[in-house]
Amino acid sequence: MTARIGVYICHCGTNISAKVDCEAVTRYAATLAGVVVSRAYKYMCSDPGQDMIKDDIKEHGLNRVVVASCSPRMHEVTFRRALAEAGLNPYLLEMANIREGVSWVTKDKLEATIKARALVRGAVERVALHAELEDSYVPASKDVLVVGGGIAGITAALKLAHSGIKVTLVERDPSIGGQMARFDKTFPTLDCSACILTPKMVEVAQHPNIELLTLAEVSKVDGFIGNFDVTIKVKPRSVDVDLCTGCGTCWEKCPKKVASEFDMNLGQRKAIYVPFPQAVPNKPVIDRANCTYYATGKCKACEILCPAKAIRFDQEEQVVTRRVGAIIMATGYELPDVGQEIPQYGYGRFDGVMTGLEFERLANASGPTEGKIVGRGGKEPKAVAVLHCVGSRDESRPQCSRICCMASLKTSHLVKERTGAEVYEFYIDMRSFGKGYEEFYNKVRDEGIRMIRGKVADIEEVGDRLVVKSEDTLRGVTVAIPVDMVVLSTALVPRKDAGEVAACFGITRGAEGFFTEEHPKLEPLKTATEGIFLAGACQGPKDIPDTVAQATGAATEVFVKLSTGMVKIPATIAAVDEPRCSGCQTCLTVCPYGALAYDAAAKVVRLTKAKCHGCGTCVASCPSGALHLLGFESHQILAQIEGVCAL
Amino acid sequence: MTVDAHYTGPTDPGFAHKVASYPGAEAVLHCMQCGVCSGSCPMSEFMPDPPRRLMAHILAGDRERALASESLWYCTSCFTCAVRCPQGISPTDVMFALRSMAMDQKKSLSTKFYKAFTGNVATYGRVFEAGVAMTAATHGGLKSMLRNAPLGLGLLRRGRMSLLPHRISGAGEVAALVKAVANRRVTGGKA
Amino acid sequence: MNFAYYPGCSLTTSAKDYDLSARAVMTALGVGLEEITDWNCCGASAAPSVDPFLGVALSARNLALAEANQRDVAVACPSCYTNLRRARAAATAATEVGMRARESLQEGGYRVSGESKVRHLVDIIVHEVGLGAVRSRVKRPLTGLMVAPYYGCQLSRPDGSFANPEIPREMDELLRALGAEPVWWNGRTKCCGASAMLTQESSALHLVDRLLTNASESGAQIIATACSLCHMNLDAYQGRVNGDLGTAHRMPVIYFTQLMGIALGLEPSRLGLGKAFVPAPVLDPYLEGVRA
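Protein chains in written order, with my numbering: chain X, 9 to 655; chain W, 164 to 354; chain Y, 4 to 295.
One or more of the hints may lead you astray.
Said to hold, decoys possible - Now the in silico label distances, taken between C-beta atoms and shown as ranges:
1. Pro406(X) to Asp267(W): 49 to 55 Å
2. Asn273(X) to Trp187(Y): 21 to 27 Å
3. Gly256(X) to Trp187(Y): 43 to 49 Å
4. Trp187(Y) to Arg453(X): 34 to 40 Å
5. Asp359(X) to Ala190(W): 34 to 40 Å
6. Glu93(X) to Ala190(W): 35 to 41 Å
7. Asp267(W) to Asp162(Y): 26 to 32 Å
Worth flagging that the hints you see were computed from the coordinates, not collected in a lab.
Virtual Cβ for every residue (Gly too), placed ideally from N, Cα, C.
Work the whole structure out from these sequences, hints included.
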């Protein structure tokens, strides 16, 4: 086949032509071997520009096209489409980036023109060696798995369910609701958290498109986008949920008391329990580790007294599998071990020092004190300190946790409102970035909460009070303030097992341990693993509005990928030349996406196309040259290099 | 058109970077003025500029104010600030750096004391405690000497004071070491 | 177990009692202390104030001497401890400081590789000898003695060997092993003023006053310290605190090694007892029959 190449030099308005002599480059291109047509135009990406290419393909029988313009990331898709519309395989295109790569970064015009010529020549020599390539399509399941039943998971599940998608929502706790279920009020509206959350929880339980699995955890993930095979372990509730009426007799009569995890260990529950009154499912669960029956075989009060005969001590763990097309991670956050990280604040040593979540449980009417705010000695505090940046903006954790400034203001407000105590808020900066947030800051100050700009140095017990020391930096004096209660607005950190979870799903984590998005600016909801998306605080600390927005976005991303019921696999992925493969499996060790697998019977490596991102790492690693990257073959790249250097 | 003197810029724009070249002070440009250093410092209430404000002077390139501050001479090197600074700055080491830059700029009890101390070490290889204590005591004149006499006698009586300095064999080596360092000394100044 | 012993300048004179009791106790525990021949002053806080690189160089000479004998260094004075440790890190670092330090040392023919570690006596006793061994050697348990363990500053900061530098407990455990009752007090890691007692006396006196008050209010009968400067400020200057601030402190201060010596049944004359300014009659019951 003789190459018949069309070369198009774009002025890009004056973006390129201001530095590059486009006419000169066009004349130069016309002299290159294989070039049949060489033109310059002001805006190649415009309709007339594209028409020019299409007309030339037909008129001059072009079988290869070079467009020298902006970065392929801008318009490669545009020009490939133009080729396709003219009946040419879209992969017979090569772009030369003479904008971002030349005119935008070169000062001297002559130098810029020489560079542009070199890049064009490289592109011409390469494109002659391009082969026709085809995208492929695999059928995709439209079902979705949502991991985590907090506000993020609930939002994503509902949005998907409303659009007709079948969702399996997996939650490891006995109830959905997440951290938001623990809050008393939410900033800045001071909505009752449960009041805005529980209707959604109920909707999740009732929606026909949502399969809710609680006490459940994903143990294995196989497959790829459109075709994930997920294994889920469902722990036994020890209660027949179909018979149970939720009457509450069992937990009333249960003799065994245990620290309540939902109440941050500030209150107690029974061994058979419902974590909180609005739990969904509103059915009890037996904590077998703490139940007398499982330890000694005695008691059985719940079974004896249950009017519906719903207790099932010998219920077993179930293992279920689901085939889904996409997965949304919504596993949320937790708080750091403050006592260990910042011992000088006395958490865990001093009575009256608590975290923000612990405070929320005190303030909450369904909490361990029925909404009474108590400090040291279980008494109503006369003075309270609220501390910002506890474990954030620190040497060991440089992140700002984003929501704690607002949470601190909320805490201060609630304390003031309920107790009338003198409230001191110790802050470094006030990050009130959202809608209504700055107004809330002013409201809190109007209430007479004393704002002290200074990070607390340490807290001491002096007599029956806690003395909080810091510099009031705006005044330049040190203060030592006696209080009866300290609320630490702690960092938001990834779950302890985020590492294991990431490994199970095949996604990555950043330096701070949160799941990594595909691009920090432009793709905050995708992961580098096709088909797995992120929603909520598991990707990074955020407030409820941002979580809901992100979860809704994740649902949309899923829809975008799966709505056709097919998933596209781009043509520019790796390929294995099986006769050359020696089965050394070096490529397996370097593939970041797990796209390669060894077929022991055939003694060669096989590629799962849908998992391949076309990164080329395996190609570089193969000692036999058995792997190659379609569209980026060695001989193509070498020809390009020769072309660039030939000048 | 003259510029109102109140709005002049930093007198030494590179000052923060100079300070950052000292060990322990590398992160000084990250200071977010949180005040943990001041809040932790045992001498903060006595200092004219709490440690945090000193950092602000440094960041602002106000070399004059930083080096003239009496705060430098209050630091007891307790390192509480250093272990708590969220940006990993050691204000203790910043104090050392500033002291070394300011040492020749003023004559005070502190500068006399530190110079006497290191002078001792350069001469004898060890510090002659009684000698250095005398330097400090005499600075305040007769009143101070009388005030400190009982303490000195008390130590002497208890066998806790030597009236003569002890010179180590390697005193010459130590003197040479002191000189070698001085030759490489970072002045942090115009030199 | 043998260490290169670095007494530091104060232990040769004003803190002679610390030196005596340290040597006596370590010998009794089977820890060999070989004084570094011809050691020089570490520079305390004075050398770094003149030039931060000087502090490193002065301390590093001692490390070089210890390395020549292939011994780790045992230190009693926390200031020397901190300086030697920082010098060891700085002199071996791939930084400009390290380079300057090495160049200066090279001129004197010294080389520091970092082989010799720097250990404080408390660290050696707790982590090498072990509290069990200490407990088994106690002949005169200090039962009922309420001691305020005073860690001070440079034992745990900036980079000591305690598990929790903000809330160290090793000295408390050591005192418990001696049979004594360590008292929790807020001043346990607070600064005594150090050499500011000489240069900023009035401020330092306030710091000392607060420490003494807090120890006494927390129920302590005696303060145990591991630092010669803390001892000096709390003990020798206690009279001045009372005089200037109108207080009536009568809080005895003792080196932890002296308490150890008493509990281990060592000869009081070997422990430098009686060299403090504030008398300690609270110790009499434990010295009954032992005093010469």
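Hints versus structure:
Hint check: Pro406(X) to Asp267(W), Cβ distance near 38 Å, so the stated range 49 to 55 Å is violated. The given range of 21 to 27 Å is respected by Asn273(X) and Trp187(Y), whose C-beta atoms sit roughly 25 Å from each other. Checked against the hint of 43 to 49 Å, the pair Gly256(X) and Trp187(Y) passes, with Cβ atoms roughly 45 Å apart. As the Cβ distance of Trp187(Y) to Arg453(X) is approximately 38 Å, the hint placing it in 34 to 40 Å holds.
For the pair Asp359(X) and Ala190(W), the supplied restraint of 34 to 40 Å holds, since their beta-carbon distance comes to about 36 Å. Between Glu93(X) and Ala190(W), the C-beta spacing of about 57 Å breaks the proposed range 35 to 41 Å. Checked against the given bound of 26 to 32 Å, the beta carbons of Asp267(W) and Asp162(Y), roughly 31 Å apart, stay inside it.
In summary, the structure is inconsistent with hints 1 and 6 from the numbered list given earlier, while agreeing with the others.
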